Amino acid sequence: MFVEEQPSVSPTNFIKDMIENSVENKNDEIEIIKEKGAYTPEEIKKISDFTLKNLR
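Start counting the sequence shown at 144; every next residue gets the next number (my numbering).
Just so you know, these hints were derived from the structure itself, not from any lab.
Because the structure is a prediction, the values reported are computed rather than measured.
Hints may be right or wrong, so weigh each one.
Unchecked claim - FRET-style restraints, in silico, Cβ to Cβ:
#, residue 1, residue 2, range
1, Val166, Lys188, 22 to 32 Å
2, Ile175, Lys196, 18 to 28 Å
3, Lys188, Pro154, 35 to 45 Å
Stated by the list, open to error - Cross-link-like lysine-lysine pairs, in silico, PhoX-like; alpha carbons within 25 Å at most:
#, residue 1, residue 2
4, Lys189, Lys179
5, Lys159, Lys189
6, Lys189, Lys177
7, Lys188, Lys177
Glycine included, every Cβ here is placed at the ideal spot set by N, Cα and C.
With these hints in hand, go ahead and build the complete structure from the sequences.
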């Protein structure tokens, strides 16, 4: 009887992957908001505040 070797997953790699995935999801979320082109009043306020700060 043969036992298949399982690739070992180190805890640090596992955590790193989870963090990378959550960051990617955040970026996707922002891209989706940009692509849809329609903003909620909350989003408009954030965008305009951000723009005004950068213009000063």
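- 25 Å limit on alpha-carbon distance, applied to hinted pair Lys159 and Lys189: violated, 30 Å
- Task: Decide if the proposed pair is consistent with the structure: Lys189 and Lys179, CA atoms, cutoff 25 Å inclusive.
- Result: holds, 16 Å
- Item | Beta-carbon spacing of Val166 to Lys188 - inside the hinted bounds 22 to 32 Å or not | The hint (22 to 32 Å, Cβ to Cβ) holds, given that Val166 and Lys188 are roughly 24 Å apart.
- Measure nothing beyond the straight line between the CA atoms of Lys189 and Lys177; if it is 25 Å or shorter, mark the hint as holding. Holds, at about 13 Å.
- Lys188 paired with Lys177 [C-alpha distance capped at 25 Å]: holds, 14 Å
- Task: Given the hint of 18 to 28 Å, check if Ile175 and Lys196 actually sit that far apart at their C-beta atoms.
- Result: holds, 24 Å
- Per the hint of 35 to 45 Å, is the separation of the Cβ atoms of Lys188 and Pro154 within bounds? holds, 41 Å
Hint compliance for this structure: hint 5 alone is broken.
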